[in-house]
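Top to bottom, those sequences are chains A and B. Counting along the first sequence from 1, when you hit position 87 you're at 87 in the working numbering, and nothing is skipped either side. Counting along the second sequence from 1, when you hit position 171 you're at 171 in the working numbering, and nothing is skipped either side.
Read the hints as simulated data drawn from the structure, not as lab findings. The reader is advised that the hints may include incorrect statements.
Said to hold, decoys possible - Computed list of lysine to aspartate or glutamate pairs in EDC-like fashion (alpha-carbon distance at most 16 Å, straight line):
#: 1; chain 1: A; residue 1: Lys200; chain 2: A; residue 2: Glu215
#: 2; chain 1: B; residue 1: Lys153; chain 2: B; residue 2: Glu51
#: 3; chain 1: A; residue 1: Lys43; chain 2: A; residue 2: Asp13
#: 4; chain 1: A; residue 1: Lys200; chain 2: A; residue 2: Glu218
#: 5; chain 1: B; residue 1: Lys153; chain 2: A; residue 2: Glu250
#: 6; chain 1: B; residue 1: Lys95; chain 2: A; residue 2: Glu134
To be verified - Okay, the calculated beta carbon distance ranges per label pair:
#: 7; chain 1: B; residue 1: Gly109; chain 2: A; residue 2: Pro180; range: 34 to 42 Å
#: 8; chain 1: B; residue 1: Asp108; chain 2: A; residue 2: Trp129; range: 35 to 43 Å
#: 9; chain 1: B; residue 1: Ala69; chain 2: A; residue 2: Trp129; range: 38 to 46 Å
#: 10; chain 1: B; residue 1: Gly65; chain 2: A; residue 2: Glu250; range: 22 to 30 Å
#: 11; chain 1: B; residue 1: Ala91; chain 2: A; residue 2: Gln179; range: 53 to 61 Å
#: 12; chain 1: B; residue 1: Ala32; chain 2: A; residue 2: Gly256; range: 41 to 49 Å
#: 13; chain 1: A; residue 1: Ser206; chain 2: B; residue 2: Leu129; range: 27 to 35 Å
#: 14; chain 1: A; residue 1: Asp267; chain 2: B; residue 2: Pro79; range: 54 to 62 Å
#: 15; chain 1: B; residue 1: Ala91; chain 2: A; residue 2: Thr163; range: 56 to 64 Å
#: 16; chain 1: B; residue 1: Val130; chain 2: A; residue 2: Gly256; range: 28 to 36 Å
#: 17; chain 1: B; residue 1: Ile71; chain 2: A; residue 2: Thr163; range: 51 to 59 Å
Yeah, the Cβ is synthetic: ideal placement off N, Cα and C, and Gly gets one too.
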Amino acid sequence: MQCPQCGFENRDDARFCKRCGQSLSGASAVAPPFCPACGAAVKPGARFCARCGRPLAATPAPQVAPPAHSPRPAPVAPRPTVSADARDLPAPSPSQPPARGTARWLFPLITLALMACLSCCGVLAVGVWPSLGETPPAALVGDPAGPDIAILVRESYLNRNLTAILPDKGLTDALLDVQPGNLIVTTARFDARFVTLELKIVAQISVVNGEIVIEVQEVSTGGQNLMDFLGLSEVTVGENFTGALRQQLENELGAGSQLLNISTDEDHIILKARL
Amino acid sequence: MGTKVKPGVLVLIGVLAGMFVGLAGGWLLVHALEQTVAAEPLPALPPYDIEVVVEESYVNRMMLGSNSALIGGNVDLQPGGGATFVVQLAAGPFKPVVHGEVAFRAADGGRMAVSLLQVKMGRLSLLRLVPGSMMEDINALVNDQLVGRVGSKGLEVVAVATDDTSLRLYLAQRE
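When you get a sec, could you build the whole thing from the sequences and use the hints?
Here's what the structure looks like:
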């Protein structure tokens with residue numbers, strides 16, 4: 001009789017194994033347990049199969065032999081019950097492929113990476129999502145015929161520039177005073193052929209058909225209006241003074257602008273234009 | 001020999017860990033991009049020769065006409081040299097709405113500088129993602145459309161201010 005515990009061949013009438021002392025009598029003799037998954041022999045009391053790692057806790061302890069491999073409950077199993085080290089056994093059944101280290105961790109790693117990507121996309125989507133369903137407020141259109149810009153030219157700036165130009169036009173020591181009501185009052189010395197005149201020039205500025213128009217209303221000296229004398233207003237003041245001022249203002253307006261309106265206050269000439 | 005673990009448990013651990021790492025990474029990404037630049041205070045108004053008042057409606061027209069990717073939006077000028085904007089972009093099938101804030105300042109060289117203080121698409125801040133070249137393009141456009149179209153040669157921007165309805169450029173003659 002073969003000992004179910006250690007495989008030692010005892011006499012047929014032996015009640016205990018000669019090698020390990022295992023009881024050999026009756027049906028309670030414990031046959032060597034086998035793994036229900038791969039059929040490998042396992043040591044008594046083992047919790048997991050040494051070959052395939054299958055938990056053996058649920059395996060009934062007195063299992064005689066795997067039913068698929070051993071049709072009769074003989075104590076001597078046809079399997080190589082002698083070898084205790086299951087790793088030396090041949091390959092297990094095809095129904096349970098061996099779990100190699102790389103393959104075992106590959107799937108969780110792929111899952112990890114996939115879930116990380118999905119989660120990032122989810123967070124970004126949650127972050128960006130509100131912007132996709134939003135409607136922006138309408139742009140301010142404004143008055144289609146109204147001005148886009150207003151250019152406020154300071155009196156001091158005009159004086160600085162005009163006094164640099166006017167001496168070439170025969171006017172010296174010019175002082176320009178911007179007044180409300182689109183009025184520009186300028187005092188200057190005019191060097192006539194035999195005499196130097198202290199001139200006061202009053203001009204009104206306006207816009208006609210998008211052009212700056214400076215109309216001289218008064219040219220006087222010592223309270224005497226000189227408008228009708230010697231064509232002074234047309235020749236000297238009209239061309240020299242108003243021409244210089246108009247050129248200066250047009251420069252500030254820039255090319256391509258449509259001048260809509262011009263006005264004055266105490267300190268500025270205000271040009272309103274559409275760009 | 002180590003204890004063997006069921007593959008199902010490994011998958012479950014992988015999924016949970018992946019979700020945790022993914023959510024944490026996404027949260028960190030969203031918050032790492034979060035950035036708001038504080039606007040510098042406006043300096044005192046220096047002497048100037050010309051004041052150019054630009055209407056808010058023109059700023060809106062200029063912005064919407066500057067880029068075909070903008071299909072709608074609004075610029076709202078704010079007191080203190082800044083503005084907020086809301087624009088809708090055409091990005092393929094999507095039309096996201098971007099909110100932002102800009103500051104206007106006078107820069108070296110007599111030009112006006114536009115700087116981004118904040119750009120957000122939904123809850124995601126895009127300020128760190130805006131390329132420098134894009135801001136250079138915006139600055140070039142604004143200077144061409146505003147500074148370059150007014151004032152005679154020799155004038156440069158010395159200050160910029162805003163109120164609720166207009167952008168004000170202060171130009172001075174170069175010494």
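Hints versus structure:
no.	hint	result
1	A:Lys200 <-> A:Glu215	14 Å, holds
2	B:Lys153 <-> B:Glu51	15 Å, holds
3	A:Lys43 <-> A:Asp13	25 Å, violated
4	A:Lys200 <-> A:Glu218	8 Å, holds
5	B:Lys153 <-> A:Glu250	12 Å, holds
6	B:Lys95 <-> A:Glu134	9 Å, holds
7	B:Gly109 <-> A:Pro180: 34 to 42 Å	36 Å, holds
8	B:Asp108 <-> A:Trp129: 35 to 43 Å	41 Å, holds
9	B:Ala69 <-> A:Trp129: 38 to 46 Å	20 Å, violated
10	B:Gly65 <-> A:Glu250: 22 to 30 Å	26 Å, holds
11	B:Ala91 <-> A:Gln179: 53 to 61 Å	56 Å, holds
12	B:Ala32 <-> A:Gly256: 41 to 49 Å	46 Å, holds
13	A:Ser206 <-> B:Leu129: 27 to 35 Å	52 Å, violated
14	A:Asp267 <-> B:Pro79: 54 to 62 Å	23 Å, violated
15	B:Ala91 <-> A:Thr163: 56 to 64 Å	57 Å, holds
16	B:Val130 <-> A:Gly256: 28 to 36 Å	31 Å, holds
17	B:Ile71 <-> A:Thr163: 51 to 59 Å	52 Å, holds
Hints 3, 9, 13, 14, counting from the list given before, are not met by this structure.
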